[in-house]
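Protein chains: 2
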Amino acid sequence: MATLLGTTTPLRAKTAVASRRAARTGAIRAKPVVVAAAARKQSANAAAAIEEEVYVEGAPVTLLREEDYESPMRVKFEKMVREAQDTICAAVEELDGSKFHEDTWTRPTGGGGISRVLQDGNVFEKAGVNVSVVYGQMPPEAYRAATGDDSAGKAGPVPFFASGISSVMHPRNPHAPTVHFNYRYFETDPGENTEGAPRAWWFGGGTDLTPSYIVEEDIKSFHGLLKDVCDKHDEDFYPRFKQWADDYFLNKHRGERRGVGGIFFDDMNDRDPEELLAFATDCADAVVPCYIPLVAKHKDDPFTEEEKEWQQIRRGRYVEFNLVYDRGTTFGLKTGGRIESILMSLPLTCRYEYDHKQEEGSREADAMDAFKNPRNWLDL
Amino acid sequence: MATLLGTTTPLRAKTAVASRRAARTGAIRAKPVVVAAAARKQSANAAAAIEEEVYVEGAPVTLLREEDYESPMRVKFEKMVREAQDTICAAVEELDGSKFHEDTWTRPTGGGGISRVLQDGNVFEKAGVNVSVVYGQMPPEAYRAATGDDSAGKAGPVPFFASGISSVMHPRNPHAPTVHFNYRYFETDPGENTEGAPRAWWFGGGTDLTPSYIVEEDIKSFHGLLKDVCDKHDEDFYPRFKQWADDYFLNKHRGERRGVGGIFFDDMNDRDPEELLAFATDCADAVVPCYIPLVAKHKDDPFTEEEKEWQQIRRGRYVEFNLVYDRGTTFGLKTGGRIESILMSLPLTCRYEYDHKQEEGSREADAMDAFKNPRNWLDL
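So the sequences go chain by chain: A and B.
Per my numbering, the very first residue in the first sequence carries number 132; after that it's consecutive.
Per my numbering, the very first residue in the second sequence carries number 132; after that it's consecutive.
Treat the hints as calculated values from the structure; they're not laboratory data.
Be aware that one or more of the hints could be misleading.
[Unchecked claim] To spell it out: a stretch of chain B is covered by chain A in this simulated footprint if at least three of its residues, at any positions, have a beta carbon under 8 angstroms from a beta carbon of chain A; those stretches are: (1) 450-458; (2) 463-472; (3) 478-491.
Every value quoted in this text rests on a predicted model; they were computed, and no experiment measured them.
For glycine and all other residues, C-beta sits at the position ideal for the given N, C-alpha and C.
Make the full structure from the sequences, and use the hints.
This is the structure:
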C-alpha cells in the first residue's frame, strides 16, 4: 500500500465526482487513485509524527489501507463520514449560493483527507467540513490530549487508526449562530515500548451551538432535535451528553462556555460498536435539520455595529477554546496533522478587547449569563 | 500580611501617583495601601492555584509581602519593573497622544499587579504593559510549562515567587511592527510532597519584533541595539539569545516564526544574580530606543487594503503562538492568574484565512521566507 500511494507513483485517473459516487454506492474497495500527486515540503520544525501529505486531484475511492478493506468498522465509518460530508455540504451550498473549495490528500503509507471550505460566502464567513483517515503514531502527550487519560504518561508512542468528520460553520450575520460537530472512531494497537497502552477502540463526538445572542426557541429546537436522536438509542444519553458538552466546551480560564452546548461524548466503548456507529450516524444526519433552519431564519436579520462587534468578541473566545482546550485541535497540532484542515475551525475574523464588560440588562449580558450558567433549555 | 491585604480591610488612602513616585524614589518599604477594595467573584470553574485578586485604587507602594522587604532581589526586581513600566508607558503615550488605562490589584496573602492598556489609540490598536508579583503554588504542569522541564512530572505543587514585566504593542499601521518584551525573576521553594523540586531561582525574558513586512534597516537597528546591550554583559549572550529567540518564537505546527525574533533567555542562574539583574535592567531600558523610533517612522505610511489584510493574518499567527506555545500565557492560564492581563497580549483584531498563499516575489512572500528561515540580520 505504501508504494501504491507513494509520491512518485501516479496511477489511473478518476474524477472526484466518480470517486464520491463510488463511495456513496458502497463500492469503496476499488484501488485508491492518485492523480498529479504533488509532495508538499513539510517544515523540518513541524511536529512530524504523521507522514507528509501528498495532494491528489479528486477524492480517492477510499482513504483506507488495503489491509483494512476487510475491517468492517473502519470501512463503515469512512463511508458514513463521507456521505455525511456530501449531504451537509450540499445543504450549506444551497443556503449560501456559493460552492465549497475541496482539497484532497493521501499519505504514503495510507490515510488521507478531504477538506472542503467555503470562505467569504454570501451567508457564511467561513464554513469548513473535513473528513480524514489517519494511521499514526500517537506521542504520549497526544494520547493524553485525545483520551484525557493522564495515567498513560509513561507509555511510548501508541500506533493508532482514526477516522472522522469535523466541521465548524461561522455565518456572517451576528444573529445567526455558529455550529460545530465532530464524529470520530479511534483504534489503538500495542506498539513497541508501549507498556500500559493496550489495544483499544472508542467512538467520540458531539454537536454544539455557539450563538452570540440567546434566542430561546432556536436553542430549544436545536437541543430538542439532539435529544430525539439520543433518546432513540438510550434515554440516558441526552442528559449525560448535554452535561458533558457543558463541561467540555468551556474556557476554564474564564469559567465561561463558548456557547450554549449541545451534546458531547468520548471514549465510548461500553456497548456493541454497531450500536455506537448507528448513534454516530444519526447524530451526523441531524446536523442539517438542527442547524440549517436557524441560519436560514437569521441570515438577513438587521444588525448594528455593536452587535457585529459582540459577535467578533465571541469569536475571539471561540479561538481561545479551540487553541487551548479542544482535543481535536491540540491532538492534531501535536501529531503533525494537516494544519490548514485542523485550523479551518477558526473564524475568518475576530476581536480581543481588554476587559470587555456587558451592560447590565442587555442581550449581551443575557448571553454571557447563559455561557457562565448553562441552562436546561428543554425545561424552560 | 494576609490580613493587611484582606478583602475586608481597607487601609489608609494614597493616590496612584504618590505610590508610583514612592516606588521610583526607592521608598518601597512603606505599608501597602488598599483603597476601595472590591472582591471580584472568580468562577468556580477557573483554574484556581492563585487566590482571587482584589481591585485597589492606585498602585500600592509595593506588591511584596512584608516578610520580603528584606529580600534584596525581590525588592530590587519589583523596583526595576515598575520603573520600566513608567518609562515605557510614558514614551508610548507621547507617541500615541492618548493615555493608558490602569487596573491595579492585590491578593489576600500578598502579591498583585498593575496592568496598563491603551486600546483604540491614535497610533496603537492595542498596547499593554503589565507588572506583577505572584506568590503561588505551581501545579506540576505549570512548573513544566514555566521551566520546560519534563522531569518534574512527579513532583507535587511547587510554591513559587515571581515578579515580572510583560508587554505587547500592536500599532494600527501594517508597516509599523509589533513588539513584545518580558523580563521576569522566579524563585521556587521546596513545599510539601515536592520530591525532586528543590529551591531554585532564575531570570528569564526577551524582546522580539513582529513586523508584517521586512524593512531590513529597521530590523538591523532593532537587533543591533539588542546586541549592544548583550555585549556589555557577555559577548556570548547575543548569538546565544538570538538563536534562542528564533527557536522559541516559533509556531512549531507551521515551521514558521511569528516575526523576526530578537533575544530570548530563560532559566538563567549561572552567575551572580546582581549581574543578571543588571542585564535584565539594561534590556528593559533598551525597549524604548529599540522600538519607538520604528513606529514613529511608519505610523503614517500609506497602505492598501491587501496590506492591512496581511497584517491581520500575521496577527492571527500571533494569537496561535501565544495561546499554544507562549510560556507566560500557558503558565498564567494554568495557575489561574488574572485573565485580562494575561490575554492583553492578543491583538485587537485578527484574521484566519484558509490556506493563505503569498504571491511569488511579493513582499508578503519575502516576509514569510524570513519567518521560516531566520536571517542573521547583523551580517546582511
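Are three or more residues of the region 463-472 of chain B within 8 angstroms, CB to CB, of chain A? n = 4 at 8 angstroms, threshold three: holds.
Do three or more residues from the region 478-491 of chain B put their C-beta atoms closer than 8 angstroms to C-beta atoms of chain A? This one holds; 9 residues, not fewer than the three required, reach chain A with a Cβ under 8 angstroms.
Against chain A, does the region 450-458 of chain B show at least 3 residues with beta-carbon separation below 8 angstroms? holds (count 4)
Going down the numbered hints, you'll see the structure goes against none, and every one checks out.
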